[in-house]
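Q: Listed in order, the protein sequences are those of chains A and B.
In case it helps, the working numbering puts the first sequence at residues 190 to 744.
In case it helps, the working numbering puts the second sequence at residues 190 to 744.
Keep in mind the hints are simulated off the structure, nothing from the lab.
Among these hints, one or two may not hold up.
[Claimed, not checked] SDA-like, lysine to any residue: derived pairs with alpha carbons at most 25 Å apart: (1) B/Lys275 x B/Thr605; (2) B/Lys613 x B/Ala272; (3) B/Lys202 x A/Gln205; (4) B/Lys726 x A/Val349; (5) A/Lys202 x B/Ala272; (6) A/Lys202 x A/Lys240; (7) B/Lys427 x B/Ala535; (8) A/Lys201 x A/Asp309; (9) B/Lys405 x A/Gly742; (10) B/Lys726 x A/Tyr337; (11) A/Lys613 x A/Gly631; (12) B/Lys210 x A/Thr573; (13) B/Lys198 x A/Gly742; (14) B/Lys202 x A/Glu230; (15) A/Lys202 x B/Ser229; (16) A/Lys202 x B/Gly222; (17) A/Lys509 x A/Tyr337; (18) A/Lys427 x B/Ser728; (19) A/Lys478 x B/Ala272.
[Claimed, not checked] Cβ-Cβ distance ranges computed for the label pairs, FRET-style: (20) B/Arg416 x A/Asp741: 43 to 51 Å; (21) A/Trp338 x B/Gly715: 17 to 25 Å; (22) A/Arg416 x B/Gly715: 33 to 41 Å; (23) A/Arg642 x B/Arg347: 47 to 55 Å; (24) A/Gln342 x B/Arg416: 41 to 49 Å; (25) A/Asp741 x B/Arg347: 50 to 58 Å; (26) B/Gln342 x A/Pro627: 40 to 48 Å.
Glycine included, every Cβ here is placed at the ideal spot set by N, Cα and C.
Protein chains: 2
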Amino acid sequence: MSDIEIARKANKKPIQEIGAKLGISSDDLLPYGHDKAKISESFIKSVQDRKDGHLILVTAINPTPAGEGKTTTTVGLGDGLNAIGKKAAICIREASLGPCFGMKGGAAGGGYAQVVPMEDMNLHFTGDFHAITSAHNLLAAMLDNHIYWGNEQEIDIRRVAYRRVMDMNDRALRQIVCNLGGVANGFPRESGFDITVASEVMAILCLATDLADLEKRLGDIIVAYRRDRTPVYARDIKADGAMTVLLQQAMQPNLVQTLENNPAFVHGGPFANIAHGCNSVVATTTALKVADYVVTEAGFGADLGAEKFFDIKCRKAGLKPEAVVIVATVRAMKMNGGVAKDDLGAENVDAVKKGCANLGRHIENVKQFGVPAVVAINHFVTDTDAEVEAVKEYVRSQGSEAILCKHWAKGSAGITDLAEHVVKMIEGRSAQFAPLYPSEMGLFEKIETIAKRIYRADEVLADKKIRDQLREWEAQGYGDLPVCMAKTQYSFTTDPNRRGAPNGHSLPVREVRISAGAGFVVVICGEIMTMPGLPRKPSAENICINDDGLIDGLF
Amino acid sequence: MSDIEIARKANKKPIQEIGAKLGISSDDLLPYGHDKAKISESFIKSVQDRKDGHLILVTAINPTPAGEGKTTTTVGLGDGLNAIGKKAAICIREASLGPCFGMKGGAAGGGYAQVVPMEDMNLHFTGDFHAITSAHNLLAAMLDNHIYWGNEQEIDIRRVAYRRVMDMNDRALRQIVCNLGGVANGFPRESGFDITVASEVMAILCLATDLADLEKRLGDIIVAYRRDRTPVYARDIKADGAMTVLLQQAMQPNLVQTLENNPAFVHGGPFANIAHGCNSVVATTTALKVADYVVTEAGFGADLGAEKFFDIKCRKAGLKPEAVVIVATVRAMKMNGGVAKDDLGAENVDAVKKGCANLGRHIENVKQFGVPAVVAINHFVTDTDAEVEAVKEYVRSQGSEAILCKHWAKGSAGITDLAEHVVKMIEGRSAQFAPLYPSEMGLFEKIETIAKRIYRADEVLADKKIRDQLREWEAQGYGDLPVCMAKTQYSFTTDPNRRGAPNGHSLPVREVRISAGAGFVVVICGEIMTMPGLPRKPSAENICINDDGLIDGLF
Numbered sequence: 190m191s192d193i194e195i196a197r198k199a200n201k202k203p204i205q206e207i208g209a210k211l212g213i214s215s216d217d218l219l220p221y222g223h224d225k226a227k228i229s230e231s232f233i234k235s236v237q238d239r240k241d242g243h244l245i246l247v248t249a250i251n252p253t254p255a256g257e258g259k260t261t262t263t264v265g266l267g268d269g270l271n272a273i274g275k276k277a278a279i280c281i282r283e284a285s286l287g288p289c290f291g292m293k294g295g296a297a298g299g300g301y302a303q304v305v306p307m308e309d310m311n312l313h314f315t316g317d318f319h320a321i322t323s324a325h326n327l328l329a330a331m332l333d334n335h336i337y338w339g340n341e342q343e344i345d346i347r348r349v350a351y352r353r354v355m356d357m358n359d360r361a362l363r364q365i366v367c368n369l370g371g372v373a374n375g376f377p378r379e380s381g382f383d384i385t386v387a388s389e390v391m392a393i394l395c396l397a398t399d400l401a402d403l404e405k406r407l408g409d410i411i412v413a414y415r416r417d418r419t420p421v422y423a424r425d426i427k428a429d430g431a432m433t434v435l436l437q438q439a440m441q442p443n444l445v446q447t448l449e450n451n452p453a454f455v456h457g458g459p460f461a462n463i464a465h466g467c468n469s470v471v472a473t474t475t476a477l478k479v480a481d482y483v484v485t486e487a488g489f490g491a492d493l494g495a496e497k498f499f500d501i502k503c504r505k506a507g508l509k510p511e512a513v514v515i516v517a518t519v520r521a522m523k524m525n526g527g528v529a530k531d532d533l534g535a536e537n538v539d540a541v542k543k544g545c546a547n548l549g550r551h552i553e554n555v556k557q558f559g560v561p562a563v564v565a566i567n568h569f570v571t572d573t574d575a576e577v578e579a580v581k582e583y584v585r586s587q588g589s590e591a592i593l594c595k596h597w598a599k600g601s602a603g604i605t606d607l608a609e610h611v612v613k614m615i616e617g618r619s620a621q622f623a624p625l626y627p628s629e630m631g632l633f634e635k636i637e638t639i640a641k642r643i644y645r646a647d648e649v650l651a652d653k654k655i656r657d658q659l660r661e662w663e664a665q666g667y668g669d670l671p672v673c674m675a676k677t678q679y680s681f682t683t684d685p686n687r688r689g690a691p692n693g694h695s696l697p698v699r700e701v702r703i704s705a706g707a708g709f710v711v712v713i714c715g716e717i718m719t720m721p722g723l724p725r726k727p728s729a730e731n732i733c734i735n736d737d738g739l740i741d742g743l744f
Numbered sequence: 190m191s192d193i194e195i196a197r198k199a200n201k202k203p204i205q206e207i208g209a210k211l212g213i214s215s216d217d218l219l220p221y222g223h224d225k226a227k228i229s230e231s232f233i234k235s236v237q238d239r240k241d242g243h244l245i246l247v248t249a250i251n252p253t254p255a256g257e258g259k260t261t262t263t264v265g266l267g268d269g270l271n272a273i274g275k276k277a278a279i280c281i282r283e284a285s286l287g288p289c290f291g292m293k294g295g296a297a298g299g300g301y302a303q304v305v306p307m308e309d310m311n312l313h314f315t316g317d318f319h320a321i322t323s324a325h326n327l328l329a330a331m332l333d334n335h336i337y338w339g340n341e342q343e344i345d346i347r348r349v350a351y352r353r354v355m356d357m358n359d360r361a362l363r364q365i366v367c368n369l370g371g372v373a374n375g376f377p378r379e380s381g382f383d384i385t386v387a388s389e390v391m392a393i394l395c396l397a398t399d400l401a402d403l404e405k406r407l408g409d410i411i412v413a414y415r416r417d418r419t420p421v422y423a424r425d426i427k428a429d430g431a432m433t434v435l436l437q438q439a440m441q442p443n444l445v446q447t448l449e450n451n452p453a454f455v456h457g458g459p460f461a462n463i464a465h466g467c468n469s470v471v472a473t474t475t476a477l478k479v480a481d482y483v484v485t486e487a488g489f490g491a492d493l494g495a496e497k498f499f500d501i502k503c504r505k506a507g508l509k510p511e512a513v514v515i516v517a518t519v520r521a522m523k524m525n526g527g528v529a530k531d532d533l534g535a536e537n538v539d540a541v542k543k544g545c546a547n548l549g550r551h552i553e554n555v556k557q558f559g560v561p562a563v564v565a566i567n568h569f570v571t572d573t574d575a576e577v578e579a580v581k582e583y584v585r586s587q588g589s590e591a592i593l594c595k596h597w598a599k600g601s602a603g604i605t606d607l608a609e610h611v612v613k614m615i616e617g618r619s620a621q622f623a624p625l626y627p628s629e630m631g632l633f634e635k636i637e638t639i640a641k642r643i644y645r646a647d648e649v650l651a652d653k654k655i656r657d658q659l660r661e662w663e664a665q666g667y668g669d670l671p672v673c674m675a676k677t678q679y680s681f682t683t684d685p686n687r688r689g690a691p692n693g694h695s696l697p698v699r700e701v702r703i704s705a706g707a708g709f710v711v712v713i714c715g716e717i718m719t720m721p722g723l724p725r726k727p728s729a730e731n732i733c734i735n736d737d738g739l740i741d742g743l744f
């Protein structure tokens, strides 16, 4: 059966029953249909004094076209922990419409390790992304309106820093000239759109601790600079209040369920290649209050997702992760070892061994943060015993352990070994989490630290304009912010075609942007785009409602 | 008490109880919170063979800054009909975020004649507008993507007819150049954004009878022309299926309640000045199957809203309205009679009499459609008996009747006279509805017919390019479409400052656009904008969450 066939056969329970498993009463759930709900602000406030559960991060090797199954493993491990008698919940991100209509497909796990309702999660869900898009664009409209009606703040229209967003892959909007058409339409200027998942408002929603913190951070957004180079904030434009109102519902975490009827928090969805890539702090901290084990994921490979999870999310929210699971597949090892996609079906132990270098580097990297790691081999039917053994042996040689997991085919029954192992790791109390760099390090030094220690580049290439900009932000008091790297997810380098564990490369920095409200400096490296485009044949062309009234083509 | 204070004290019932009043079981309701729900497609299908109830249209004089209370009267009349023992429901439009953050304020009635939950209805509600925005912009992205990847359809990029939309008042986006930035970003071209309520996708959602009809109409959207002037359709871009999937939930009507716990359908929301201005056909036809009396409204004055309700919605959906209520206020009559807003508090019977000319012309106009009309005087505390009597006497002289209504202050108890009168009108069976013009009339003649018979203009001014374009569409087989006038709502003319009942003016047509999927030709007259701007001091500046956690400034 395909993922979608399995999802359609799901034996879903009313969302009130899922909430009850975590002690959340139906009064504290705002239903969206019968299988989705938002958790009330008052419930979240009421559990703040409780002890925290244990936090587990699921990350992965660099993604390959073979697919790794990070979300699938996150879901599987959550079900596995419940299966061995632990009270566990998972925390994952919401899906963006952009990739759904492009080529990525659904983002709700796979096989017998899925979160449902799959269609809703990959479409409008509870409307959070739409609320973020609206709040983001309201500020943009108010900013241009401010300039139009006299520009009291004396904004330098050449230095408007704030762009608009759309939850769409639309390359036509990357770079535009707006305010054309004469006096009634304002002052022409260059601008552009990013995809919503790259919005600073998305990052703020994911990092804010409550509505008051959300409003404060929204007010802190730098939208432009004056002629004298001083920043103009969203609160100078008086947009922070209305933006908060637009985001009030969106701030509440969403609760859904796995195929095994275990609770899943799905909230926030920044991409890990162009944003910080973690689900919301509110969802994670709430889950930690109501469950003993919380499994969360960070986007793409550990070089991007895990680094930002540790250096941005955990640093900001004071989270203490106690175990890391690095997901790998035999097929992805083979691709890293040089095998073409069409040849993945044939056994090739040598290629597996060769490709393990990519995995090895991620293991090393994760250990730098002081958290013990285990490798989950997400089993695929064509994997041979010799290939699996090659991965295990390699991982052992790196001082870690790799566990074969069959949750895709068997649900929780296929992943109890990993669940037991993770519990043992946590009970061993060996985690001593610390971020990679201290907050007081200089901004450029932070970039260099990540480039050298995580990406293993020899140097960072950045022209004077970029270095000057970083120094200017330091002078303005933003020097203690962490950096949020925007880089291709396919390689440790900025070249998406360089697989494995390359050395001797440089990290070219193209642009830096400050997210003063979210609290980080975005560092755009190589050719990465903050507004993706659609492929030659977008998956949207095949998406439709079929004769049975079901949605085809979405996955 | 203010509108919002009254709304906050509402004694709301669970939405399942409201559904039960109409015989809709809780299984057929998809809840959005505890006070909103969508009605299932299967329920709607199951009632198709039932007899229809009676349809009543509420329209108004040209709006003035004094406020008329059309929605308030629609809500009040619905409650009034229920109060006199009739099974009645109301059908109104959803609110747009644009005006909420600009200056219009809420769109859910007022005083003791409101629909709740007011905040939700004026913010994201059930996400329908966001779905429409997404579906609209997906087609735009797929269109530019098609051109980017080789332009197989041979689209003339100078003749791309399809713009993007945003649910925002953002003049900066009215006219843009997109696809800038070099080869990777496509072919630069001029374009722009309209507000979502002006989207053809919005019109299609409001006019489609079911999902299959929706998909067919979406496919019919003309997005561009080839070098040989032949049209390129949305289905040529293969976007119709995915757009339908995005709109699947949005197609289902929303059910909420009045302050008196009577059912209210709130679905679709095109503006009547730039679009056809009526709630959805699905909501109205469903309401007619489950209630004996259905009260609906059309936007702005009868020159725009009622004309399009009759000539577009009723024509297309085969609806047979049996009574029209024209809402007027003493204050608005005074303004039409030349009194300034600050002087409205003082009695001025002469000004009332003078201003009645505007009302008189709307009465005359409505009668041209063969439906009996009654005037509702929406009472305001400062109205004097002599002023009210002046309106009544004037209306009598026009062969109609005016009834004083106090629903704002008293709810249904204040409007039973009107309710009884409307029932009597319907039981009199005098309605013989017919559209103003036959479908087979030429497009330009249709414009002239509305201009002369409704706006009372002497002539239509349109240059050769526009007349040629209309003839071209006729040659392509679109000659039988009705026309959808886009014009200022403040006057019968295109000059918003000309109140009363002017004569001897001309109607300048600036642009024509074809909505082949919705099934009409949009005729843009005078200075009307399809993307509004924000005022100098947008209401968004005062919108916030107050210390009690309630939303301030939204109304």
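Q: Which of the listed hints are broken here?
A: 5, 6, 7, 11, 12, 13, 17, 19, 20, 25, 26
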